[in-house]
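Numbering (full-length UniProt numbering), first residue to last: 1 to 668.
There's no promise every hint is true.
[Said to hold, decoys possible] Distance condition first, Cα-Cα at most 20 Å in a straight line; then the derived DMTMM-like pairs of lysine to aspartate or glutamate:
id: 1; residue 1: Lys351; residue 2: Glu154
id: 2; residue 1: Lys382; residue 2: Asp395
id: 3; residue 1: Lys664; residue 2: Asp362
id: 4; residue 1: Lys100; residue 2: Asp171
id: 5; residue 1: Lys583; residue 2: Asp536
id: 6; residue 1: Lys123; residue 2: Asp95
id: 7; residue 1: Lys450; residue 2: Asp430
id: 8; residue 1: Lys664; residue 2: Glu370
id: 9; residue 1: Lys577; residue 2: Asp536
id: 10; residue 1: Lys181; residue 2: Asp191
id: 11; residue 1: Lys305; residue 2: Asp536
id: 12; residue 1: Lys250; residue 2: Asp366
id: 13; residue 1: Lys96; residue 2: Glu52
id: 14; residue 1: Lys305; residue 2: Glu562
id: 15; residue 1: Lys458; residue 2: Asp395
No lab work stands behind these hints, which were simulated from the structure alone.
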Amino acid sequence: MTTKLTPEQLARQRRKIEKDKRKKVYDDQQVQGTNNSSIVSKRSVEKLYSLELQPELGEFFKYFVPKGKRRSPAINRGYWIRMELIRQMVIRIIDKNVGKRVNVVNLGCGFDPLAFQLLNFYKERNDLNFIDIDYPDLVKNKYDMIQKAEEIKELIGEQNPSDLGCLISTDNYKLVGCDLKHADKYQEILDKLVTDKEDVNIFIAEVSLAYMNPIYANSIIEISSKVNNSHFLILEQIMPDGPNNSFAKKMLYHFNHLRSPIQCVENYSTKELQLARFKEYYAFAEIKNLFENWKYLIGYDMKEKISQIEEFDEWEEFIIFCQHYIIVHACSIDQLIYDVENEEPQEEVYKVDKSFSVEHDDRFDDEQFELKFPATSSIGSKVYVNGGLKQTRNDETLVVDLENGHVAQLEKTGVTPSARMCHSLTNINDSLVLIGGRSRPGQYFGDAYKLVSNEWTKLADLPSGRSRHSAVAVSDHQILIFGGLQEGRDEDVFLLYDVADDAFRPLKVVGVNPGNLKSASVSYADYGLILGGISDLNVPEVNDKLYKFTINHRDATIHVQEIFQHKLLARIGSKFKFVTKDKILIVGGVSPFQLFTKTTNIVSLSLTSFEFGSVEIPESIRETVPPIFVGFELVESGDAKSLFILGGGAVCYSFGSCYNSLYKIVKN
Numbered sequence: 001m002t003t004k005l006t007p008e009q010l011a012r013q014r015r016k017i018e019k020d021k022r023k024k025v026y027d028d029q030q031v032q033g034t035n036n037s038s039i040v041s042k043r044s045v046e047k048l049y050s051l052e053l054q055p056e057l058g059e060f061f062k063y064f065v066p067k068g069k070r071r072s073p074a075i076n077r078g079y080w081i082r083m084e085l086i087r088q089m090v091i092r093i094i095d096k097n098v099g100k101r102v103n104v105v106n107l108g109c110g111f112d113p114l115a116f117q118l119l120n121f122y123k124e125r126n127d128l129n130f131i132d133i134d135y136p137d138l139v140k141n142k143y144d145m146i147q148k149a150e151e152i153k154e155l156i157g158e159q160n161p162s163d164l165g166c167l168i169s170t171d172n173y174k175l176v177g178c179d180l181k182h183a184d185k186y187q188e189i190l191d192k193l194v195t196d197k198e199d200v201n202i203f204i205a206e207v208s209l210a211y212m213n214p215i216y217a218n219s220i221i222e223i224s225s226k227v228n229n230s231h232f233l234i235l236e237q238i239m240p241d242g243p244n245n246s247f248a249k250k251m252l253y254h255f256n257h258l259r260s261p262i263q264c265v266e267n268y269s270t271k272e273l274q275l276a277r278f279k280e281y282y283a284f285a286e287i288k289n290l291f292e293n294w295k296y297l298i299g300y301d302m303k304e305k306i307s308q309i310e311e312f313d314e315w316e317e318f319i320i321f322c323q324h325y326i327i328v329h330a331c332s333i334d335q336l337i338y339d340v341e342n343e344e345p346q347e348e349v350y351k352v353d354k355s356f357s358v359e360h361d362d363r364f365d366d367e368q369f370e371l372k373f374p375a376t377s378s379i380g381s382k383v384y385v386n387g388g389l390k391q392t393r394n395d396e397t398l399v400v401d402l403e404n405g406h407v408a409q410l411e412k413t414g415v416t417p418s419a420r421m422c423h424s425l426t427n428i429n430d431s432l433v434l435i436g437g438r439s440r441p442g443q444y445f446g447d448a449y450k451l452v453s454n455e456w457t458k459l460a461d462l463p464s465g466r467s468r469h470s471a472v473a474v475s476d477h478q479i480l481i482f483g484g485l486q487e488g489r490d491e492d493v494f495l496l497y498d499v500a501d502d503a504f505r506p507l508k509v510v511g512v513n514p515g516n517l518k519s520a521s522v523s524y525a526d527y528g529l530i531l532g533g534i535s536d537l538n539v540p541e542v543n544d545k546l547y548k549f550t551i552n553h554r555d556a557t558i559h560v561q562e563i564f565q566h567k568l569l570a571r572i573g574s575k576f577k578f579v580t581k582d583k584i585l586i587v588g589g590v591s592p593f594q595l596f597t598k599t600t601n602i603v604s605l606s607l608t609s610f611e612f613g614s615v616e617i618p619e620s621i622r623e624t625v626p627p628i629f630v631g632f633e634l635v636e637s638g639d640a641k642s643l644f645i646l647g648g649g650a651v652c653y654s655f656g657s658c659y660n661s662l663y664k665i666v667k668n
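I would like the entire structure built from these sequences, with the hints used as guidance.
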């Protein structure tokens, strides 16, 4: 027997129904709102990249973004790779099916003009049909914009009289409104618009199904898979290091804050899970993250051209972003795109090295260390932190007292260095020598300064400017400077600076020449080691070898030999220190081969057995103050019992910046 509700209960029920309706409308509007920011970024890419690199695609974003904004180099390159890969994969599928009609169905198309770009690209073909689907309100706005764009109207041709429910229906273009949470409505659209069993059908979901509950999203994938000759291309986020990875945390917060949470990433957080998801519906499936796609699908000539469009010095940020996005290509017929198989190398499990533990040093105000690529060096228990990037590059010097937890700003006296980043600061007999660095990308500095008793003096200039170089004291009056020369300038990779006579002199390499590495890490005890670093900035090539060197001062030579090679050494911007004469501790950096996780970000390496040990980052730190080991510094405490990680951070694509706290690695 049904209980009769009181008038008050009925009123409450009605209010709840109305509230739920309003919430659904609001949430849908928030998801649609993500189109607005992404389309502005894509317009930035079109103006800067596409018109230069691919004029055959035309200029169509301008009809949907009347007032464009120029985005940062990292965001430009991030959106370019997204757009280019989807477009390239569609083109490759079309080209595999010459002589067949191809339908390209863009799910959650937003204002993206991919259809018009490809119609412009394939002007000679009349067997392509593009179907754009999105929320009815958004599609209506797109319709209005198209009506004002004569170039697009001419490209898509005359409107056909149609009862197919399309706002636009021409021989080669359809625009139709559908909330994809309603699978039955989507099925009806396909039944009307995709009718020829001989057609090839390409479905695209570029971060559109990601906002949906996986139950709804998977219904769309399943329906699409049942169409003949079906291909599905999906671009979505993953979290290879879990939700407490600093990038993943920032990404999740960003979408939650916008009230448009990405829901599929929770269920399909890794490449394996995404691949398994599509193999439920398709006979064939392949997957690559965006950086793997950058390596395999973007030719070297194109990479070189991209490097010439705008100065770029954000490789770490670009790689981390790419490692958090994947493209899956699934198909019902055997028409896979990649020449290489799905590769998901299982992360090796390394024995935990219990001689170290990682702690958060909460004595300091974290905001003071929101600096990327500063230069640091220590004198006793005091760490000097110069320059680096805040919102802009700065010329301040902070003095961090690790003993009492105090930070002070050094007064500027003498001839002070200008604002800079990616420079070096080296302790030599309790005076600090600052070398090189850069202002904007490509603007390398060749000046040097000395800080003694809190006063700066100018030193001799380097023969050539250097940025992202390495510098290490090799005696009580000499500093070895390695790498960091501008691209194409490989002369005098090693320089020796002598404080006594204020002069730089080159060292001749005997043995193996590691080349002009940028963001390599160098340490010196009785001998020196070189680890990581980038060589070719177009790719980039990252060094995975460990080099050992000794210096012969008498004949000005440096003897270099390769002693070990491993993918775990391939790091851009890592730091390492000798902890004993036979053991080093390696911290952070970014790899083109793998995303470093809580078990591989910090590792020890025996120099006798060449075995790695894992120094785990506690989950409590990752939950509250997750580290991002980009542009940071590693310094030893005065008592040599601890190492401190300070500074560093990254722009996490278009989600905002995240910064490190101060972390302490205790030698147990």
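When the hints from earlier in the document are held up against this structure, which numbers fail? 1, 5, 9, 13 and 14
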